[in-house]
Amino acid sequence: MRSLSAALLLLLSCASPPSSANAATTSSAHHQPAQTCERLPSSLTYSQATAPADVSAILRVVVEKINRDVTGVVDVEVAWTGAELHRRVGERIVRCTVTRLAESVVQITDEEDGGGGGDSEVKIDEHGREIVTQCFEVPFTILDVNECTISSPNPMAHRCQPPSICINTLGSYECVCPSASFQSSPSSVDFIPTPQFWEDITYNQHRTPWEVSYGRSSESSCPNSPSTFGCCDDDGHSREGAVCHSTFRCPVDPCEDLESSPCSSNASCQRANSPLAHPNYTCECPPGLMGNGKPCPKYNTQQQQQQQQPKVKYDGKTPTESTKRLLDAGLLCGCTKPTVDPCDGYHDCPSKEMCVADSYNRPSC
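For the sequence shown, my numbering gives the first residue as 45, with consecutive numbering after it.
Do not take every clue at face value.
Pairs of lysine-lysine, DSSO-like flavour, derived with a Cα cap of 30 Å [claimed, not checked]:
(1) K396 x K357
(2) K381 x K338
(3) K396 x K355
(4) K361 x K338
(5) K342 x K361
(6) K355 x K342
(7) K338 x K355
(8) K381 x K396
(9) K342 x K357
(10) K357 x K368
Label-pair distances were calculated between CB atoms; the ranges are [what the hints assert, rightly or not]:
(11) F241 x T115: 46 to 56 Å
(12) N248 x E284: 19 to 29 Å
(13) G374 x N248: 35 to 45 Å
The hints are simulated quantities; they were obtained by calculation from the structure and are not laboratory data. In this text, a Cβ means the ideal position worked out from N, Cα and C, and glycines have one as well.
The task is simple: from the sequences and hints, build the whole structure.
In structure tokens:
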């Protein structure tokens, strides 16, 4: 449940019968006059995960705290503007008008020369008790949870999908596509992004297509965006926010993880200019080696013997015609050092003679 309208002032009256000094909740809807209030020394403090989930739960714990910390409570009226409730990080002040037994107030006043702001005039209630009305402020604090450090299935865990990076914010989180200048989550668990941080992320003109989300709404929320900031609901735990963050998709760099590289171990993986290219990478063999750079199938011994090996001509670098056809067709896997065919490219032999190679692979006619 989200916050109520900021214009609404919700006032709960919590009255007790003559036999009890503790309050029980009922509701009304009138405005409370301005008063000088005393703030309770300790705060109601919760994490986002444990904070009261709705208005009634918040008001209940406030009333319970008044009954614990203040003596002689007869009635509690809790005034709360509904603009910021329910797991909203930060400190709020809940103002309460507390009706107390006059005898408890007189005792405290004598001892401390204080005991709460408000109307100290002694009145007689409908049960014949002497009462006074005072104002108290209850600090209500909700501490931020770093969703980026929590794993599923914890309900507070972030919903960013790899390779996007989770960034903790006050009360929520955002997902950011990795880039050349931003490749991992901030190392400090206390890191909170500034407006300048988001400006640098959002308006970086040097981002490539690999560093923004996919461009169609069917493929990603916030299409063509570097992050969910300013696009998804600020509350990543709301229904809309959870769906938006969980469907944000950044391109996966096929060459980033060496262990899962699509290329053979001695080839280098080069990604294409666009993640939408098919394929979106190429495998390049080192100088002096030939092949398509992709891993070879696992052959048995006989198949390995039949596997075509690359060959070069007499000059030691030009592929033979048969090798060139295999390379053009992508049929030479891996990266292999070619053998030299000494007679291919060797000068023409006289009539009735042919080129042969000796035991040192040297050509002659």
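Okay, the hints, checked on the actual structure:
Note on K396 and K357: the hinted pairing holds, with a Cα-Cα distance of about 22 Å set against a maximum of 30 Å. For the suggested pair K381 and K338, the alpha carbons sit about 15 Å apart, so the restraint of at most 30 Å is met. With a C-alpha separation of about 26 Å, the suggested pairing of K396 with K355 holds against the 30 Å cut-off. The suggested pairing of K361 with K338 holds, with an alpha-carbon distance near 21 Å, which does not exceed 30 Å.
A distance of roughly 28 Å separates the Cα atoms of K342 and K361; the hinted pair therefore holds under the 30 Å criterion. At most 30 Å may separate the alpha-carbon atoms for a hinted pair to count; K355 and K342 meet this at roughly 22 Å. This hinted pair checks out: K338 and K355 have alpha carbons roughly 18 Å apart, not beyond 30 Å. Pair hint K381 plus K396 does not hold up; C-alpha atoms about 34 Å apart against a cutoff of 30 Å.
Annotation: proposed proximity of K342 to K357 holds, straight-line Cα distance about 29 Å (limit 30 Å). Among the hinted pairs, K357 with K368 is consistent with the structure: their alpha-carbon atoms are about 11 Å apart, no more than 30 Å. The hint said 46 to 56 Å for the Cβ distance between F241 and T115, and at roughly 49 Å that hint holds. Checking the proposed 19 to 29 Å range against N248 and E284 shows it holds: the Cβ atoms sit about 27 Å from each other.
For the pair G374 and N248, the beta carbons lie near 37 Å from each other, so the given range of 35 to 45 Å is met.
In terms of the numbered hints stated before, the structure departs from hint 8 and from no other.
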